[in-house]
Every structure is written in C-alpha cells, then in structure tokens.
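J.: Just need the whole structure built from these sequences, with the hints factored in.
Sequence order for the protein chains is U and E. Under the numbering used here, the first residue of the first sequence carries the number 45, and numbering increases by one thereafter. Under the numbering used here, the first residue of the second sequence carries the number 4, and numbering increases by one thereafter.
Hints should not be assumed to be uniformly reliable.
[What the hints assert, rightly or not] Calculated cross-link-like contacts (lysine-lysine; reagent style DSS-like; alpha-carbon spacing at most 27 Å): (1) Lys367/U with Lys421/U; (2) Lys175/U with Lys152/U; (3) Lys198/U with Lys152/U; (4) Lys421/U with Lys362/U; (5) Lys152/U with Lys173/E; (6) Lys173/E with Lys198/U; (7) Lys149/U with Lys175/U; (8) Lys146/U with Lys115/U; (9) Lys146/U with Lys173/E; (10) Lys212/U with Lys223/U; (11) Lys158/U with Lys175/U; (12) Lys198/U with Lys146/U; (13) Lys115/U with Lys173/E; (14) Lys115/U with Lys198/U; (15) Lys175/U with Lys173/E; (16) Lys173/E with Lys158/U; (17) Lys149/U with Lys198/U; (18) Lys198/U with Lys223/U; (19) Lys173/E with Lys149/U.
Hints were generated in silico from the structure; no laboratory data involved. Since the structure is predicted, the reported quantities are computational estimates derived from the model, not experimental observations.
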Amino acid sequence: MADIVLDHVYKRYPDGTLGADDVNIEIADGEFIILVGPSGCGKSTTLNMIAGLEDISEGELRIGGDRVNEKAPKDRDIAMVFQSYALYPHMTVRENMAFPLKLAKVDKAEIARKVEETAQILDLTQHLDRKPANMSGGQRQRVAMGRAIVRSPKAFLMDEPLSNLDAKLRVQMRTMVSKLQQRLETTTVYVTHDQTEAMTLGDRIVVMKSGVVQQIGSPQHLYDEPANLFVAGFIGSPAMNFLPATLENGSLRTSLGDLGMPDRVRRALEAADAPREVIVGIRPEHFEDAGVVEDHVRARGSVFTAEVDVLESMGSDKFAYFKIEGEQAMSDDLAELAADAGTADVPDSAGQLVTRLSATSQAREGERSEVWVDTDKIQIFDPHSGANLTSKDPATANA
Amino acid sequence: MTATAPANKKIGWGLINLLVILYALIPVLWIVSLSFKTADTITDGNFIPRSWTWSNYAQIFQIDLFTSALRNSIGIALISTVIAVVIGTMAAYAIARLDFPGKKALVGVSLLIAMFPQISLVSPLFDIERAIGLFDTWPGLILPYITFALPLAIYTLSAFFREIPWELEKAAKMDGATPLQAFRSVIVPLAAPGVFTTAILVFIFCWNDFLFAVSLTSTSRSQTATVAISQFTGASQFAEPTGSIAAAAVLLTIPIIIFVLFFQRRIVAGLTSGAVKG
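T.: Shown next as structure tokens:
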C-alpha cells in the first residue's frame with residue numbers, strides 16, 4: 045500500500061495536443077479517488093500514466109515516495125481492472141487469477157491458497173475451472189477484480205470497470221467495489237464518466253476537462269461549492285439549471301423575473317468584482333412549490349409564476365419542467381457539457397428549467413404555478429471564465 | 004405445413020451442398036480413377052475402372068527422379084514454410100500493433116510483390132541465380148518461395164493479430180509480464196489458429212509451385228515433384244505416361260491432406276471469445 049503523487053504531470057502527444065495539462069493530485073494511502081469527466085477529458089490518459097502504459101511527458105509521478113516515471117508497469121506493483129475486463133480467454137478463471145502470481149514466481153502452494161482465498165471473497169469458488177467465454181458479464185467482471193486483488197498490490201487502478209454491465213448489476217457491483225475497497229484498504233484510482241458512480245464511490249473526486257483538472261474535493265464539497273460552470277453542470281442529477289442574468293440595483297434580472305440577492309451573494313460579487321452579465325446556477329431541489337413553503341422561509345427567497353410544461357411524479361417528489369423564455373445561458377463550459385450529454389441534439393432541452401418540488405405540491409401540467417426559489421443557495425458564475433463567483437472556497441474561486 | 008418447412012429447407016441446402024462437393028471432387032476422383040486403370044483401358048472413358056491395377060503406383064517409385072523429387076519437395080516446402088511463418092508472424096505483429104515510420108510503405112511493397120506477375124521475374128531470377136551459384140540448389144527455390152509467401156503470410160497474420168484485443172497485452176503487462184512473456188503466454192496462444200492457417204496456405208503454395216521449380220532447377224539435386232511429373236516418359240516414345248502422371252498427382256495431394264488434417268484441430272474458431280465485453 046502506498047500513496048500516489050502526480051506532481052505537475054503533462055502528457056504531450058506527438059501532434060502537440062495535451063492529454064494531461066499540469067495535473068497535480070496527491071492521493072493518500074488507502075484513499076479511494078475518482079477521476080471523472082466527459083470522454084476525451086484526459087482521465088484515462090492520467091490513469092494509464094499512473095499504470096505505466098503511457099509515458100509521462102513532463103512532471104513526476106511518485107508511488108510510495110519513489111519516482112516511478114521510468115519504471116515499467118510490472119515494476120510498479122500496481123494492478124489494473126480494465127473496462128473490457130481483458131481476461132485471458134485461453135485460461136480458466138483459476139489460471140487467470142494465478143497468472144500475476146506465477147509471473148511473480150510465488151510458489152505453487154501459496155498461489156493455490158491465495159487464489160482460493162480471493163475466489164471466496166468474490167464468490168467465484170464454484171467457477172474456478174470455467175473459461176471466461178462461458179461466464180456472464182458480472183462474473184467476468186469479478187474475475188477481473190480477482191486478478192487485480194490476488195497479489196495485494198500497492199494500488200488498484202480501475203478504468204470504467206462497471207460501464208459494460210447493465211444498469212441493475214452496475215448498482216450491485218458498485219456496492220461490492222465500495223465494500224471491497226473498505227475491506228482491503230488499498231489506494232484506489234477509479235476512472236468513470238458517470239457522475240453517480242463518482243458521487244457514491246469516492247472519498248474524493250477529481251473532475252477533469254480537456255486534460256485540465258477542474259476541481260478536487262469530496263463529493264459533497266463538489267456539489268455544494270463547484271469551482272466553475274463545468275463542475276456545477278457535471279455533478280448532480282438532474283443537472284443544475286443555468287440562467288443568464290443581469291445585475292441591477294442589487295437584484296438579479298432573469299427571464300424568471302427578478303431574484304433577490306442574499307448578503308452572502310452580494311458580498312461575494314463585490315469582492316470578485318463581478319461583471320454585470322452573469323450566469324445564475326440553481327439546483328432543482330432549491331425550488332419549491334410556493335404553496336407549501338412556510339411564510340418565514342418564503343420571505344428569504346423569491347417567487348415566480350410560470351406554466352408547468354411537463355410534470356413527473358416520482359412518488360417521493362415531483363419534477364416540474366418549465367420552459368424558459370428569452371435567451372439562454374451561453375458559455376464554452378455549458379456547450380461542452382451539452383455536447384457530452386448529447387442534449388445538444390435534443391430540441392428544447394436547453395431552454396428547460398428542472399425543478400424538484402415536494403410530493404404535496406399542487407402543480408399540474410399545463411397550468412400556471414407559483415414557484416419559490418431559495419436564493420440563499422444560488423451560485424453565480426462568470427460567463428466568460430466560467431468561474432464560480434460565489435464560492436466560499438478561496439482556492440477554487442480563482443480556478 | 005409448418006413442420007415440413009424446415010425439412011424442405013434442409014433438403015434444399017443438402018442438394019446445394021452436394022452440388023458444390025461434386026463440382027469440387029469429380030476432377031479429383033477422375034484422376035484417382037485414372038491412376039488405377041491399366042494402360043490399355045486408360046482411354047476408355049469409364050469413370051469406374053473396369054480392371055484395377057497398382058502398377059502405375061509401383062512404376063513411379065521405380066523412377067529415381069520421382070523419389071528424389073519428392074524428398075526435395077518436402078524439404079523445400081517445409082523449410083520455406085517455417086521461415087516465412089516466423090518472419091511473417093513478427094512482421095504482422097509489428098504492423099498490427101505498432102506505429103512506425105514507413106509502415107504504409109512496407110505494407111504497400113509487400114502488396115506489390117504479391118501482385119507482381121511471377122513469370123516476369125523468372126528470367127532475371129534465372130540469370131541472378133546462375134551468377135551467384137544458387138541455380139539448381141534448395142536455397143535457390145526457398146528464397147523466391149519465401150519472398151512470394153511473405154505477403155500472404157503477413158496479410159493473414161496481421162488480420163489475426165488485429166483480432167486479439169490490445170487490452171489483453173496491457174493486462175499482461177500490468178500483471179507483471181515482460182513484453183516477451185506477454186507475447187509468449189498471451190499473444191501466441193491466441194494467435195495459434197492464425198499461425199497454423201498461414202502455415203497451411205504457405206505450404207500449399209510452395210508444394211504446388213511449378214513455374215519457379217521448372218525454371219530454377221535442372222537436376223535431381225533440387226527438382227521438385229511437380230517438375231518430375233512433367234518429365235515422365237511413357238514406355239515408348241509414342242505412349243503417353245497418363246497412368247503414371249495420375250498416380251503421381253494423387254500421391255502429391257496426400258501430404259497436403261495430412262498437413263491440413265494435422266493442423267485442423269488447432270484451428271479452433273472463436274478462441275478469443277470471452278476475452279472482452281459481454
């Protein structure tokens with residue numbers, strides 16, 4: 045077991061593009077860290093550099109305090125689980141799991157003991173003599189895990205290990221991975237493009253975009269204090285709503301109407317020397333049906349009236365979708381998020397406001413409804429740099 | 004009605020299969036039949052010989068030229084196959100896996116060789132080999148065979164290597180294998196069907212060649228079986244050695260059949276299934 049440090053790491057391709065641009069991450073011993081971002085953001089490149097499958101162009105990678113830039117993968121003592129599992133098809137499950145031990149020249153009795161033990165942990169004992177071709181996706185996935193943990197490496201690297209499983213199995217395996225990591229207490233770097241996986245699994249999350257680390261922090265921190273528009277839009281489901289707004293006479297003029305600004309927001313904007321045109325970010329759960337909000341709470345927010353476009357009742361909550369009139373929030377970050385999610389191709393998806401109302405809400409589809417916004421929770425972003433102007437986190441405010 | 008439909012389909016397919024098999028096998032059976040006919044019935048046009056004889060077979064083994072030619076054929080074809088497959092495996096692996104300068108040129112040149120009409124190379128080769136003393140030797144045939152078999156070998160093998168997921172190799176590296184260990188314990192076992200298929204194709208190419216063999220050899224030192232057959236003579240100047248030629252032709256196909264049967268079991272399709280994804 046060991047800590048992993050990426051110290052100003054760059055990956056420069058022959059054509060000059062940057063796969064990783066000044067990546068600085070300190071991963072503590074035993075920590076479960078997630079690299080997340082849209083495809084092509086550099087998360088897999090970063091993982092491959094830690095693994096040794098790709099060269100580091102510049103900077104230093106230390107595992108357990110030792111520089112390993114020049115070491116071959118086999119000398120780094122780390123195990124990797126691949127998205128495609130990469131099981132050896134001509135070997136049985138037992139042989140697959142024994143392979144790393146055999147290469148390490150462990151003696152036969154010890155190999156047999158370790159394989160049995162690992163199979164027990166992963167519930168694979170009765171499959172040990174089967175070939176991967178005859179196994180289900182979930183079983184293959186467990187074999188791939190087994191092959192990684194059998195030799196107790198310094199660290200695990202996982203490259204979207206669950207993305208080939210169907211949705212239900214993925215949730216089960218997610219808890220399995222989480223339990224396994226807690227039990228083994230081995231440093232784990234996990235790559236995914238699924239923000240739900242990132243939120244549920246990691247001790248800390250690293251959000252990346254175009255090879256650049258956007259923000260590092262605990263799941264809750266990233267959710268509450270996103271450093272910029274990209275992180276705000278990427279973390280959370282349904283995603284945060286973004287509205288263009290103009291700062292005027294101490295309030296925010298938006299297409300929903302004027303939103304009041306609490307002192308926290310006003311002070312932050314003054315300190316950041318905010319431009320007049322900004323983007324307001326509001327999470328769906330910070331809306332509520334004005335009818336169910338108590339008066340003293342109602343006073344601290346703003347209320348607007350709009351027609352409910354679509355209403356989805358989930359039982360525990362109601363999701364109400366409103367059409368936003370007028371222009372939409374524009375920024376590079378948002379365009380990239382939309383392209384990644386595929387929503388850029390869906391008509392009307394951009395001009396939609398998603399709100400999560402309580403189940404007791406009386407809102408009906410096609411009728412106008414009064415909605416309250418908890419302005420205390422809003423975030424304000426600079427439309428040009430994408431930076432969060434209201435973040436309490438001084439380190440990320442300038443990111 | 005519905006129960007008989009699949010049966011009808013089966014019969015239909017069976018008929019088509021039978022037709023294809025007959026089309027392919029009748030010439031072979033014909034030559035087998037000829038090889039068993041006596042000299043006076045050889046031209047009677049009967050498919051099944053009226054009088055059977057082994058004399059054609061006995062006769063060809065009395066010709067010294069044929070036995071030595073058979074030895075030459077087996078030796079030259081085997082050596083060419085081994086060398087072409089070994090070089091081809093390495094080249095194909097490089098082409099499938101690596102990005103190196105001149106890769107396209109290499110592939111292009113090997114394709115060019117395959118497209119080159121062999122007849123146009125015969126006279127230059129003849130001159131060159133005579134000048135450097137390779138004429139009428141085993142290496143004198145092995146060299147051009149390797150040259151012309153390599154494009155075939157490289158193409159077939161690189162297709163097989165491309166089928167093997169690259170991630171398997173990465174996984175082997177992560178599991179602690181050196182590049183050589185990864186190649187030996189992961190890539191080679193998976194590429195084995197491709198290697199055997201290629202070996203069969205190359206062997207057949209070398210075994211069946213007539214053009215180079217007849218042009219670049221002159222004595223029993225290196226003449227191959229196909230050439231020897233062409234030089235059979237009848238009992239008299241007016242007798243066609245049809246029976247002997249037929250018998251020799253049948254004998255020549257036997258090593259190929261053995262070769263294919265021997266390797267057939269190794270060619271297990273879909274060996275890589277189960278490696279990746281669901």
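J.: Against each hint, give a clear statement of whether it holds in the structure.
T.: Right, here's what the structure says about each hint:
no.	hint	in the structure
1	Lys367/U with Lys421/U	holds (22 Å)
2	Lys175/U with Lys152/U	holds (21 Å)
3	Lys198/U with Lys152/U	holds (22 Å)
4	Lys421/U with Lys362/U	holds (20 Å)
5	Lys152/U with Lys173/E	holds (25 Å)
6	Lys173/E with Lys198/U	holds (18 Å)
7	Lys149/U with Lys175/U	holds (23 Å)
8	Lys146/U with Lys115/U	holds (21 Å)
9	Lys146/U with Lys173/E	holds (17 Å)
10	Lys212/U with Lys223/U	holds (17 Å)
11	Lys158/U with Lys175/U	holds (19 Å)
12	Lys198/U with Lys146/U	holds (18 Å)
13	Lys115/U with Lys173/E	holds (15 Å)
14	Lys115/U with Lys198/U	holds (15 Å)
15	Lys175/U with Lys173/E	holds (20 Å)
16	Lys173/E with Lys158/U	holds (23 Å)
17	Lys149/U with Lys198/U	holds (18 Å)
18	Lys198/U with Lys223/U	holds (18 Å)
19	Lys173/E with Lys149/U	holds (20 Å)
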